[in-house]
Amino acid sequence: MSEKLQRDPDEVPLAIARTARNRWRPSMIWIVPLVAALAGSWVGVRAYLDQGPVITIGFTDAEGLEPGKTKVRYKSVDVGLVSRVTFTPDHHSVQVTVELEKGAEPFLVSDTKFWVVRPRLGAAGVSGLGTLLSGAYIAADLGTSKSPARTFVGLTTPPVVTEAMKGTAYVLHADDLGSLDVGSPAYFKHIQVGQVSSVSLDPDGHGITLGLFVNNPYDQFVTDDTRFWHASGVDVAVGTDGFRVETQSLSTILAGGIALEAPPGSTAQARAPQGSEFHLAPDHSTAVKSPDRVVENYVLNFDESLRGLSLGAIVDFRGVEIGEVTGIKVEYEAKTEKFLFPVFINIYPERVRSRYLEGGARPDQQAHVLMTRMIEKGLRAQLRTASLLTGKLYIAIDFYPDAAKVAARPELTPMPLPTTPGNLEELQSTVVRIAHKLDQLPLDRIGTHLDAVLSNASTALVDVDRLTRNIDTQVAPEMRSAFAQASTTLKQTGRFIGPDALLQNDLRSTLRSIGHAADSVRILADYLDKHPESFARGKVKEP
Amino acid sequence: MNVRSAASRGLQRCNVCDLVSESPPGTARCSCARCGHPLFLRKPKSLQRTTALLIAASVLYLPANLLPILHTRTATFEADSTIMSGVVSLWSSGSWPLALLVFFASIFVPLLKLIVLSGLVLSVHLRWQRRANERAVLFRLVEFVGRWSMLDIFVVALLTALVQIRGLATITPGPAALAFAAVVILTMYAAQAFDPRLIWDRTSGAGIEDRSRAGQP
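So the sequence lines, in the order shown, correspond to chains P and X. First residue of the first sequence: 22, per the working numbering; consecutive thereafter. First residue of the second sequence: 354, per the working numbering; consecutive thereafter.
In case anyone wonders, no lab produced these hints; they're calculated from the structure. Beta carbons: idealized from backbone N, C-alpha and C, even for Gly. Warning: the hint list may mix true and false statements.
Said to hold, decoys possible - Taking CB as the label site, the calculated pair distances span:
#: 1; chain 1: X; residue 1: L419; chain 2: P; residue 2: R292; range: 53 to 61 Å
#: 2; chain 1: X; residue 1: I468; chain 2: P; residue 2: T165; range: 32 to 40 Å
#: 3; chain 1: X; residue 1: L419; chain 2: P; residue 2: T109; range: 26 to 34 Å
#: 4; chain 1: X; residue 1: T513; chain 2: P; residue 2: L55; range: 25 to 33 Å
#: 5; chain 1: X; residue 1: T427; chain 2: P; residue 2: S219; range: 33 to 41 Å
#: 6; chain 1: P; residue 1: L55; chain 2: X; residue 2: M437; range: 21 to 29 Å
#: 7; chain 1: X; residue 1: I468; chain 2: P; residue 2: R39; range: 33 to 41 Å
#: 8; chain 1: X; residue 1: T427; chain 2: P; residue 2: T107; range: 23 to 31 Å
#: 9; chain 1: P; residue 1: T165; chain 2: X; residue 2: L419; range: 32 to 40 Å
Claimed, not checked - Listing some non-contacts, in silico: residues in chain X with all C-beta distances to chain P over 12 Å:
#: 10; residue: S448
#: 11; residue: R488
#: 12; residue: G499
#: 13; residue: W501
#: 14; residue: A510
#: 15; residue: A514
#: 16; residue: T523
Taking the hints into account, I'd like the entire structure generated from these sequences.
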């Protein structure tokens, strides 16, 4: 090598020849783009594979929803991201496009619920405070349906009941919502056992349908005859034991709630199935009454004034409410040119227990047959005054065996019940009758007769006076001499029977002789007892 | 420009000890007479290496720009931001000089490097003969600007290290940061692997062409 370098100082040294390697060899550098391509494609493939389903949710407004920022969460775990917020074609609401994460396929069923979580102040408390700082997010609740869906309608309010909660849902029908709302609590023996999950007006507008969700351990206490009532406010009852105030909890007084309870004497044991329907009573006392499932309608025609009779007035059978007034009308009957005042009543035959104890429900026709028989036995309706103070009337039904016979007309609907005049009416007519009779008395004739009688009486009195005087002048002296005689007689008698009287002395000596005789007899008897032989042999000589 | 190059005279320089030696005629491969290091007229497999690194950089350029580079989580807010979304938010918040800077440093410059280097490789490969000096200027530009492309990575590294207030604000680098760093490094290596002398090889004499061709596949 050194001699090569020093070959010639002016010459450029000659490079050393090497064996040629003509075999073409790919450079190792190609591994770099290969690795990059692999890494890039891995990222791409993963991004594609991780891409979850895209859904759209309709909301009334997009308050707090920001594309690319607002998350969709299920149980506080992110499951998606809002990618776009647009209007619906009619611009009436907004459509939120959400990219769900991979594995979110279970959410793609029709009853999955979505709602926007914002800070809320409600009767049930404050919720969503965390969103004050972090901003709104869309919460999801997994549905259980099987039908797939990619388009959803967001709820305006958070659902009270989520699918994960264990319990049973029931349906309550109420006449009025009161102060209830979604989320209002339900109490069983003052323990909160559930909440109102939905509130809707019936399609006909006559009532309210409530969804009630009873949480798991407590739903076993809901049986077919469990009663529900509004626990809102304070229930004040005046009874024989004085005032009684019933409330549930303080929050129900302010915010309303539902109470439930098994009625006294309930024997039902089976748990009511999911979706069972119940009536929501306005208060406790109404709730514990037996429900009236069978209703019979009757019409009553009263001759007297109906002032004081109102809708809802009770129909009373010897003090037991068995129905109520449902209608009061005025009818003009052209044929007879008379006004009729029909009163329509509902009777709840189930309140008459025995009729149902014998055997199940019976056809309506039979009710009329029974009623016909009752009318024959003197069943009548009567208007009675419930309170003299208010003049309120109620209808009493009772048997009047002496009432005039009326033919029952079961073929009419509603069937008319015969009526009998009311108490007050009867009293009034009696008073009138007496007054009328009084009016008919011949008072002036009675007066003259009385006058004559009185003058006769005065002459009679004169006679009596004379008689008395006669007694004074004639009878009295004679009586005095008679008394004197009697007195002497008594004196003589006294002398005769006095202690030193003759008769008395004689009598005393006689009695003494009799005593001696008796002693002798006794001695004789004793002797005979000891010596009975002496009776035959004579007295034994003493030795 | 017509220049007689050393190569055309059969001379080559050792890359290790800088000894100029004469290649023995008829041999394609030889080594330095002083240090024994293999002698090359041009960087060996320059075009191949540049092309490979460019392809790798281009592939990684996509995730670098599409994936989030920064993950910001504060008490009120949590977001992933890509380079472009950062530029947009900077622009919309009014600090457009900063937006322009980030845009040039992070999006435009890497892209420019990729395009310029690809163009150079293509021009060499297709034996363009014109505008050789302009192409050389472009190459110098690419080499110069290469080190500035790490600005983004520097910012991300700084933020990640500084903003770690648990519960209040946390910034973590996203997957794009890695890809972006790889793009920058790969383009720098690609620029280094490219032998700018190749630009003129096609314009000058045919003798070098043959010799240089021997080093090329």
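May I ask which of the numbered hints given earlier this structure violates, with the numbers listed in increasing order?
-> 2
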